[in-house]
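*Asks:* Given next are the chains, with one letter for each unit.
There are 2 protein chains.
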Amino acid sequence: MDQWKTISKKVILQGNRFLTVENHTVELPDGRIIPDWQWIITPDFVNVVAITENERFLCFRQTKYAVRGTSLAPVGGYMEPGEDPLQAAKRELLEETGYEAAAWTPLGSFSVDANRGAGVGHFFLARGARRIAEPKSDDLEEQELLLLSRKELEDAVAKSDFKVLPWVAGILLALQSLSTGNNRSFEKSTRPI
Amino acid sequence: MDQWKTISKKVILQGNRFLTVENHTVELPDGRIIPDWQWIITPDFVNVVAITENERFLCFRQTKYAVRGTSLAPVGGYMEPGEDPLQAAKRELLEETGYEAAAWTPLGSFSVDANRGAGVGHFFLARGARRIAEPKSDDLEEQELLLLSRKELEDAVAKSDFKVLPWVAGILLALQSLSTGNNRSFEKSTRPI
Chain A
1 MDQWKTISKK VILQGNRFLT VENHTVELPD GRIIPDWQWI ITPDFVNVVA ITENERFLCF
61 RQTKYAVRGT SLAPVGGYME PGEDPLQAAK RELLEETGYE AAAWTPLGSF SVDANRGAGV
121 GHFFLARGAR RIAEPKSDDL EEQELLLLSR KELEDAVAKS DFKVLPWVAG ILLALQSLST
181 GNNRSFEKST RPI
Chain B
1 MDQWKTISKK VILQGNRFLT VENHTVELPD GRIIPDWQWI ITPDFVNVVA ITENERFLCF
61 RQTKYAVRGT SLAPVGGYME PGEDPLQAAK RELLEETGYE AAAWTPLGSF SVDANRGAGV
121 GHFFLARGAR RIAEPKSDDL EEQELLLLSR KELEDAVAKS DFKVLPWVAG ILLALQSLST
181 GNNRSFEKST RPI
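From first to last, the protein sequence lines are chains A and B. The working numbering puts the first residue of the first sequence at 1, with every later residue one more than the last. The working numbering puts the first residue of the second sequence at 1, with every later residue one more than the last.
No wet-lab data here; the hints were simulated from the structure. Do not take every clue at face value.
Heads up, the list lumps identical chains together, so a pair's fine if it works in one copy or across two of them.
Unchecked claim - Simulated pairs of lysine-lysine, DSSO-like, Cα-Cα distance not exceeding 30 angstroms:
#, residue 1, residue 2
1, K159, K5
2, K90, K9
3, K159, K90
4, K136, K10
5, K5, K136
6, K151, K5
My request is simple: use the sequences and hints to build the entire structure.
*Replies:* Structure follows, in structure tokens:
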């Protein structure tokens, strides 16, 4: 199967620093041309499912503009330009919760929108988390830090208390990794990310 | 915790039928005003994890513009204006695979982007699927239909062969539902969706 080819691209909306939209002219494998394939550029982001030394999952209850009421959420945020995903994950965990973690496992990286891009989400499991500082989040939203047991987390997933797609995906990736034991961490690995 | 309030909105990009961008003026609970909160409007969509009468998972291997190489994918597509999510799910399953399913379980609905919207994904588990027609997909991409065992599906998830966030989320929601038995279907329910 052949990839589509980008013939040309042009910025059609330069929004604030979180959003740019391009128009791409695209060629399909059979030679057809699509002149108006629109491509969304938003920052890549990380989500971190962090588990404390006492086997509690660090989660927030928070408001978000796209969500009715409150939602549960894992740690997460946008990557800075040029930042490495693991570095961003560690920074967000420390900033948002004041915790650092002993063992980090990558859970995969996924395009948000198969057609239009809209950034890539990088997901991590962080174990052995312990509090070393006060949180200093610069988020605009109100949020409350919760320490959930695995049972409480699984119940929250079943009730759709994680209302945003990357958040529920991150939690499920972490649970899948914990269940299958497929969570070899960087702690014991000499391979760079 | 209080929601943010939308004070005013204005279309700043009227793209093709798949994309509109608005600029919102937003008021935070503490009274601060954000004048440039950008809001992405793309169609809501469905993803369907369909299992045949022989316990095989219907998946595609396909190319997508935002994906390098090929990715595995569940059935899915955009909802038509005014279409009900379950109706869209049944339509997409039939169009893309020629299958219909006996039992449908909703797996939840999730905002794609907690900040900017970008549509809502509706996820379903469909069991007892059997082929009743030829597929007649209008998708532009090349794709190949696969019938995976549960083991093959779980291995594919572990290898990140589902490269797009809603797709891996849909598969994990379905596996979670199957594992917990939390999959009461519409088949036996008299409650409307």
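*Asks:* Does each hint hold? Answer for all of them.
*Replies:* Comparing the hints with the structure gives:
1. K159 <-> K5: between (42 angstroms within a copy, 26 angstroms between copies)
2. K90 <-> K9: neither (35 angstroms within a copy, 36 angstroms between copies)
3. K159 <-> K90: both (29 angstroms within a copy, 24 angstroms between copies)
4. K136 <-> K10: neither (38 angstroms within a copy, 33 angstroms between copies)
5. K5 <-> K136: between (44 angstroms within a copy, 25 angstroms between copies)
6. K151 <-> K5: neither (47 angstroms within a copy, 34 angstroms between copies)
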